[in-house]
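Colleague: Take these sequences, add in the hints, and give me the full structure.
These protein sequence lines are chains G and R, in that order.
Each residue of the first sequence is one higher than the last, beginning at 1 in the working numbering.
Each residue of the second sequence is one higher than the last, beginning at 1 in the working numbering.
Read the hints as simulated data drawn from the structure, not as lab findings.
Be a bit skeptical, because a hint or two may be false.
The calculated label-pair distances, taken between Cβ atoms and stated as ranges, are [as the list claims (entries may be wrong)]:
| id | chain 1 | residue 1 | chain 2 | residue 2 | range |
| --- | --- | --- | --- | --- | --- |
| 1 | R | GLU22 | G | ASP79 | 30 to 38 Å |
| 2 | G | LEU77 | R | ILE126 | 24 to 32 Å |
| 3 | G | THR181 | R | HIS11 | 34 to 42 Å |
| 4 | G | LYS148 | R | THR106 | 33 to 41 Å |
| 5 | G | THR103 | R | ILE143 | 29 to 37 Å |
The structure presented is a predicted model; accordingly, all values stated were derived computationally and were not measured.
Glycine included, every Cβ here is placed at the ideal spot set by N, Cα and C.
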Amino acid sequence: MAHDHHDHDYDHEHGSELSETQIRVRALESILTEKGYVDPAALDLLIETYEKKVGPHNGARVIAKAWSDPDFRRRLLQDATPAIATVGYAGRQGEHIVALENTPQTHHMVVCTLCSCYPWPVLGLPPVWYKSAPYRAKAVIDPRGVLKDFGVELPAETEIRVWDSTAEIRYLVVPQRPAGTEGWSEERLATLVTRDSMIGTGLPKSPGEVA
Amino acid sequence: MNGGQDLGGAHGHGPVLPEPNEPVFHAEWEKRAFALTLAMGMPGGWNIDMSRFARENRAPQEYLSMTYYQIWLAGLEKLMVERGLVSPEEIETGHPIGAPKPVPRTLSAADVAKVLYRGGPTEREINTAPRFSAGDRVRAKNINPATHTRLPRYVRGHVGTVERVLGCHVFPDSNSLRRGEDPHWLYTVRFDGRELWGPDGDPSVTVSVDAWDPYLDPA
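Modeller: So this is what it looks like as structure tokens:
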């Protein structure tokens, strides 16, 4: 095969079904490479990009900046795509981003009931639970139950706004800045921003959790 | 299509199970299936709406029993076979048999960063004014196309309020069928939980969807 460095087999723990898939994908890649449709070096780079470079640390930087810089926060909430581009993030699956600000009165939660739409440039690729039936089914009918699954309970009077990503608009939740972080730098604030807090299934860490 | 993918409001799927310290990929084949799917878009020439339809257009019991990257892989195979880029025999035997089909372009490693950064914006300029504006009451149509649509079943027939006008965007119902982009105005429409789920719904919950003009009637 053209690139043996990809041939390690670490699917044994999942049983034979996935090993079959592994063999099928490997054969498919070699067919597509031989036919000249794909360049394995481009595949490696795509994987490296989403495994190493693009991920929730990008979004955390955006949120930390919104918490520290009132002008950036205003621009982010007004028109998120260009605001986020100034931090360096743009492109595939984030062509049209809308930022949703959590307040003491309102909590936002983002889902894609029809597939797996997710703001890649700021959050990376979605976790398995985001793409799975339980979340896609439950988020729109019982978002408080979803929050409980994540160990989060909000006051009964908090309004919960669920956003189903049915078009090419991608949603990024701006969580509330935790108390006790006055005077923190953007870098330090970013350590409090979790992936789930930017989807709306979690809250940011408290200062005590990262001390 | 009223298929297995249209999951909003379904019961019986159990709790959401977050995985602590989840890796980006769970197996080597997932990485390659992901990258092949992205890279084949260029020689394949299909659009995102065709990809989504290829993934969801299968028996619900099949859709629901597959992992997400298995669905992606099956969708990719279907799109390639439909266009004659590979044959089912080649996929099953794992060996190239026929000559390659000429393709307009391929994705080179040198272009990856540029192509990802450019993405595929779906907003288009059109010469019509939006039919609705923020605050208007609208009813999601009761439509049931067997083809691709992005109007989930749980909002059909229900009344909501236009919250934002999002510009004119490529219309998936047309674009998925190779009938052109046919851009239409797109709106965020917000529904009260009780409008969607009845008197037992949580009154503190609202749900928004992004809906194209053809999905909506004035209410």
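Colleague: Could you run down the list of hints and mark each one as holding or not?
Modeller: Okay, the hints, checked on the actual structure:
no.	hint	in the structure
1	GLU22/R x ASP79/G: 30 to 38 Å	31 Å, holds
2	LEU77/G x ILE126/R: 24 to 32 Å	27 Å, holds
3	THR181/G x HIS11/R: 34 to 42 Å	40 Å, holds
4	LYS148/G x THR106/R: 33 to 41 Å	48 Å, violated
5	THR103/G x ILE143/R: 29 to 37 Å	36 Å, holds
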